Amino acid sequence: MPQSAEKILDHAPLFREPEYRQMLAEKKLNFECPHPDQIVTDQREFTKTWEYREMNLAREALVVNPAKACQPLGAVFAAAGFERTMSFVHGSQGCVAYYRSHLSRHFKEPASAVSSSMTEDAAVFGGLKNMVDGLANTYQLYDPKMIAVSTTCMAEVIGDDLHSFIENAKDENSVPRDFDVPFAHTPAFVGSHVDGYDVMVKGILEHFWKGQERTEAGGTINIIPGFDGFCVGNNRELKRLLDLMSLSYTFIQDASDQFDTPSDGEYRMYDGGTKIEDVKKALNAEATLSLQYYNTRKTLDYCREVGQATASFHYPLGVQATDELLMKVSAISGNEIPETIRLERGRLVDAMADSQSWLHGKKYAIYGDPDFVYAMARFVMETGGEPTHCLATNGTSAWQAEMKELLASSPFGKDAQVWPGKDLWAMRSLLFTEPVDLLIGNSYGKYLERDTGTPLIRLMFPIFDRHHHHRFALMGYQGGLRVLTTILDKIFDKLDRETSETGVTDYSYDLTR
Amino acid sequence: MSLEYENDGTLHAKLIEEVLSQYPDKAAKRRKKHLSVAKSGDEAGEEGEVVSECDVKSNIKSIPGVMTIRGCAYAGSKGVVWGPIKDMVHISHGPVGCGQYSWSQRRNYYVGTTGIDTFGTMQFTSDFQEKDIVFGGDKKLEQIIDEIEGLFPLNNGMSVQSECPIGLIGDDTEAVSRNKAKEHGKTIVPVRCEGFRGVSQSLGHHIANDAIRDWVFEKKDVEFEAGPYDVNVIGDYNIGGDAWASRILLEEIGLRVVGNWSGDATLAEIERAPKAKLNLIHCYRSMNYICRHMDEKYGVAWMEYNFFGPSQIEASLRKIARHFGPEIEEKTEKVIAKYRPLVDAVVAKYRPRLEGNTVMLYVGGLRPRHVITAYEDLGMVIVGTGYEFAHNDDYQRTGHYVRNGTLIYDDVTGYELEKFIEGVRPNLVGSGIKEKYPVQKMGIPFRQMHSWDYSGPYHGYDGFAIFARDVDLAINNPVWGLYDAPWKKSPSRGRAMAAE
Numbered sequence: 001m002p003q004s005a006e007k008i009l010d011h012a013p014l015f016r017e018p019e020y021r022q023m024l025a026e027k028k029l030n031f032e033c034p035h036p037d038q039i040v041t042d043q044r045e046f047t048k049t050w051e052y053r054e055m056n057l058a059r060e061a062l063v064v065n066p067a068k069a070c071q072p073l074g075a076v077f078a079a080a081g082f083e084r085t086m087s088f089v090h091g092s093q094g095c096v097a098y099y100r101s102h103l104s105r106h107f108k109e110p111a112s113a114v115s116s117s118m119t120e121d122a123a124v125f126g127g128l129k130n131m132v133d134g135l136a137n138t139y140q141l142y143d144p145k146m147i148a149v150s151t152t153c154m155a156e157v158i159g160d161d162l163h164s165f166i167e168n169a170k171d172e173n174s175v176p177r178d179f180d181v182p183f184a185h186t187p188a189f190v191g192s193h194v195d196g197y198d199v200m201v202k203g204i205l206e207h208f209w210k211g212q213e214r215t216e217a218g219g220t221i222n223i224i225p226g227f228d229g230f231c232v233g234n235n236r237e238l239k240r241l242l243d244l245m246s247l248s249y250t251f252i253q254d255a256s257d258q259f260d261t262p263s264d265g266e267y268r269m270y271d272g273g274t275k276i277e278d279v280k281k282a283l284n285a286e287a288t289l290s291l292q293y294y295n296t297r298k299t300l301d302y303c304r305e306v307g308q309a310t311a312s313f314h315y316p317l318g319v320q321a322t323d324e325l326l327m328k329v330s331a332i333s334g335n336e337i338p339e340t341i342r343l344e345r346g347r348l349v350d351a352m353a354d355s356q357s358w359l360h361g362k363k364y365a366i367y368g369d370p371d372f373v374y375a376m377a378r379f380v381m382e383t384g385g386e387p388t389h390c391l392a393t394n395g396t397s398a399w400q401a402e403m404k405e406l407l408a409s410s411p412f413g414k415d416a417q418v419w420p421g422k423d424l425w426a427m428r429s430l431l432f433t434e435p436v437d438l439l440i441g442n443s444y445g446k447y448l449e450r451d452t453g454t455p456l457i458r459l460m461f462p463i464f465d466r467h468h469h470h471r472f473a474l475m476g477y478q479g480g481l482r483v484l485t486t487i488l489d490k491i492f493d494k495l496d497r498e499t500s501e502t503g504v505t506d507y508s509y510d511l512t513r
Numbered sequence: 001m002s003l004e005y006e007n008d009g010t011l012h013a014k015l016i017e018e019v020l021s022q023y024p025d026k027a028a029k030r031r032k033k034h035l036s037v038a039k040s041g042d043e044a045g046e047e048g049e050v051v052s053e054c055d056v057k058s059n060i061k062s063i064p065g066v067m068t069i070r071g072c073a074y075a076g077s078k079g080v081v082w083g084p085i086k087d088m089v090h091i092s093h094g095p096v097g098c099g100q101y102s103w104s105q106r107r108n109y110y111v112g113t114t115g116i117d118t119f120g121t122m123q124f125t126s127d128f129q130e131k132d133i134v135f136g137g138d139k140k141l142e143q144i145i146d147e148i149e150g151l152f153p154l155n156n157g158m159s160v161q162s163e164c165p166i167g168l169i170g171d172d173t174e175a176v177s178r179n180k181a182k183e184h185g186k187t188i189v190p191v192r193c194e195g196f197r198g199v200s201q202s203l204g205h206h207i208a209n210d211a212i213r214d215w216v217f218e219k220k221d222v223e224f225e226a227g228p229y230d231v232n233v234i235g236d237y238n239i240g241g242d243a244w245a246s247r248i249l250l251e252e253i254g255l256r257v258v259g260n261w262s263g264d265a266t267l268a269e270i271e272r273a274p275k276a277k278l279n280l281i282h283c284y285r286s287m288n289y290i291c292r293h294m295d296e297k298y299g300v301a302w303m304e305y306n307f308f309g310p311s312q313i314e315a316s317l318r319k320i321a322r323h324f325g326p327e328i329e330e331k332t333e334k335v336i337a338k339y340r341p342l343v344d345a346v347v348a349k350y351r352p353r354l355e356g357n358t359v360m361l362y363v364g365g366l367r368p369r370h371v372i373t374a375y376e377d378l379g380m381v382i383v384g385t386g387y388e389f390a391h392n393d394d395y396q397r398t399g400h401y402v403r404n405g406t407l408i409y410d411d412v413t414g415y416e417l418e419k420f421i422e423g424v425r426p427n428l429v430g431s432g433i434k435e436k437y438p439v440q441k442m443g444i445p446f447r448q449m450h451s452w453d454y455s456g457p458y459h460g461y462d463g464f465a466i467f468a469r470d471v472d473l474a475i476n477n478p479v480w481g482l483y484d485a486p487w488k489k490s491p492s493r494g495r496a497m498a499a500e
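So the protein sequences, as listed, match chains A and B.
No gaps in the numbering here: position 354 of the first sequence is 354 in UniProt numbering, and each next residue is one more.
No gaps in the numbering here: position 186 of the second sequence is 186 in UniProt numbering, and each next residue is one more.
If you are wondering where the hints come from, they were derived from the structure by calculation, not from laboratory data.
The structure presented is a predicted model; accordingly, all values stated were derived computationally and were not measured.
Be aware that one or more of the hints could be misleading.
[What the hints assert, rightly or not] Below, computed lysine to aspartate or glutamate pairings styled on EDC-like, alpha-carbon distance capped at 20 angstroms: (1) B:K319 with B:D214; (2) B:K338 with A:E120; (3) A:K298 with B:E130; (4) B:K489 with A:E6; (5) B:K180 with B:E130; (6) B:K61 with A:E120.
[Said to hold, decoys possible] To give an idea of the chain B side of the interface with chain A (calculated C-beta under 7 angstroms), a few residues: (7) I144; (8) C164; (9) D172; (10) I336; (11) R340; (12) L473.
Glycine residues also receive a C-beta, built at the ideal position from the N, C-alpha and C atoms.
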């Protein structure tokens, strides 16, 4: 009997005990009708070949293990970055359960959102009644300052019109006439979560800015961070830098406090976020900067329409990308970049110089959202690494062109390949046929690590199987240090593992590296 | 080891009144039917005494805008019933999200070479685009099935799990499945589990069960020599290895588990099920439909059982053994005796650390009643419980488990659950990922009771030991005592005990 009260074995060791191993072997043999082992082995080996890769990359319809989510997730994340705002997703209720679970599993935090709970009858007659009742219930139960409405694909397919539904609901006194109910249509069959983020932020800005007079306040800047699983660390770090520059700025959408509430006995359904008054005032800013271009294409168009200057970045991470952000901020505001920041920059460069021999020539596969992949490829090249495979399931042809331009700008990018629209099963073939030293992505990459042996570094949403990484910044010079250290740890841990066999490889088990 | 206690029904009735007062009138009227306090019921017969009545309405539509915790039919079919069948490819048919959010989240353990002969922890999606909505997705589905055949030739079948748009745009997934199954000589099962169908996951279970009946049973000649002690385990999804910790006991008492539905299952195990002598059903809610069908059509009897905690395990083993007669009964007594020292040691170790602690539960369609005795075996007290998607027959069964005065909440809303927990302040809450962090912020220990909080198994004797350990480590961790800054005066919470 393997179990005892003294030493309780849970699943990982328990099922390796002889009783269970025998039981499972017999189950397979007698009841599962499995394929013969040789056939399984042959197929496994075949999936490692160039021939399989060609079939795999030639897929036109099937998507396997994609690295993207659907629009409403982005909208729910976006809404979480505004003061006392409840997400109200119009359509089937299961979707909302999924967004909440997904966000909670990553942030290890509460994630609130409500659904209009449409069912068959709403599919036939439309969901107006659900909107009218739903807004009234949400308003009364959860005491929000704003309700941000987005849609599931069900509501989109039947063609519910949010604008008129919300007007109807206000006519029926579901919420007071002057209560803020911005909205965005977020069909799951268009784009991905980064687009849902875009249209929700745009919807909120339009709600507050439309018809308002703009009086430009020179030198003031709006910052839109984009969908970012590391918003907790990143937004706080960026604010620190901008404060050091004495900048007058507003974060438009900031979920850093919402997804990092303290444990002190009180559950805060709402915390932090951009104040509604600040959203209104942000119309007057001289410029709006987007930290993630592919998350804000429509929003930036709108900002230009109202007369603001705009600029966009690709997840400012590493040395040059941070330089560019700060110089842009300095150029708009007229404020100089202080010496303390120059010293910080020097410290990051110093660290990179100290470790360069371990990083030079290392090959990487990078996947994730388009702006993140751009940023990581750029930083990897700054360290002398080669971004061999750059993959974004939600990457467009415009992203591909930008990536190619970036890679062409450095000798370290000359062998790099860009894979827009491909998924992680395609990545599996790439890793088998053109192996790399390190894989950068999110928790889903662990299956690639298992199958191909490529060490995985988790730097991208979602991270389910490691805790608290998102609490630390990746952006800015400080963030660069964090990314650098994370990559180095992975390299050293692997080297130690490979050189730790006593009397065989441990001559290289060096104390100092 | 049964406990005698009564809960504070007056407090619970007051809490219900308070939450209802916060709703708009129309919503309050609807929610009122879902909340109650268990009352002493009539003594009942052999199935155990009915200790209370849980008089709530259930399995009706959630109210819009109240933050229901429920999911959808797709979650019930792909997530629960079909997803764990390991040697089939399950296509999430529609936009990318549903498959993405449910990818690898149910912890249905299995053994196999993933991507080669098993496909459990993978996300196959047709990733619908606008043109698929406009022009229909049937052609795309045909191509997907062909591509799966090319890239994953060792799959033993496929299922097509419809997401919301499929039913709305009028695709004919049945015709595609029928044609492609013929062409490839494979089982291909269309499941109409669009998320807008029904009121919760529950209809998805039913639709998934019906799909097995209509698209799997009697479709192939099943070569299988049936034996006298053949049983199927139905409704065990092998979360954290639950089905394995159960199987080992059933084999020890002399039974032959010829199919496990659907944790760690292969299609072959589903196909041969009608040849077994008895269906043992754990999750009644999600799979009673197919058990009734097998009973009516093939004469396979079915029996509910409960492998949570030693009291229920013993009672269930004996009940199962009775069905097979003296030989099995004798072995069963030996098995119970064999595990008794383990049970005694676990209870001796943990009961003093947990005695009298109060628990509130809110889970799916089975565990809100099934796990109750396991807590009581550790000396703990259940003060409130409720289901996401139970039906009336589940609440009737709950009466066998809960005590007078227990707070009962059906399809609870985020607001209600928060207020109930605040008002009751139990020592432990057992619910899901969406509930975990709000509860912990309040300083109340929490265990996820869907995923076993990444632990498990909890079924069987081996599982009970893990369950006891996990409950102890949740309640007796020192972190609960650190919530208040010492320069801010407030009553202290928590009472840590070092692990033994």
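Proposed proximity, E6 of chain A with K489 of chain B (alpha carbon, max 20 angstroms): Violated - the C-alpha atoms of E6 of chain A and K489 of chain B are around 39 angstroms apart, more than 20 angstroms.
Tell me if D172 of chain B is really an interface residue toward chain A, meaning its C-beta lies closer than 7 angstroms to one of theirs. Violated, about 17 angstroms.
Does the alpha-carbon distance linking K180 of chain B and E130 of chain B stay inside the 20 angstroms limit? 24 angstroms, violated
With a cut-off of 20 angstroms on the C-alpha distance, tell me whether K61 of chain B and E120 of chain A pass. 11 angstroms, holds
Regarding the hint that C164 of chain B lies at the interface with chain A, is the smallest CB-CB distance below 7 angstroms? Given a least distance of 4 angstroms, the restraint on C164 of chain B holds.
Would the hint linking K319 of chain B and D214 of chain B be met if the CA-CA limit is 20 angstroms? 31 angstroms, violated
Interface hint compliance - R340 of chain B to chain A, C-beta minimum distance less than 7 angstroms: 11 angstroms, violated
Would you check the hint for K338 of chain B and E120 of chain A, treating anything up to 20 angstroms between C-alpha atoms as holding? Outside the cut-off at roughly 53 angstroms; violated.
K298 of chain A and E130 of chain B were given as a pair; does the straight-line alpha-carbon distance stay at or below 20 angstroms? OK: K298 of chain A and E130 of chain B at ~19 angstroms, within 20 angstroms.
Interface hint status, I336 of chain B versus chain A (Cβ within 7 angstroms): 13 angstroms, violated
I144 of chain B was flagged as interface toward chain A. Is the shortest Cβ-Cβ separation under 7 angstroms? With Cβ-Cβ at 5 angstroms, under 7 angstroms, it holds.
Is the shortest C-beta separation between L473 of chain B and chain A less than 7 angstroms? 10 angstroms, violated
Comparing the model with each earlier hint shows violations of hints 1, 2, 4, 5, 9, 10, 11, 12; every other hint is respected.
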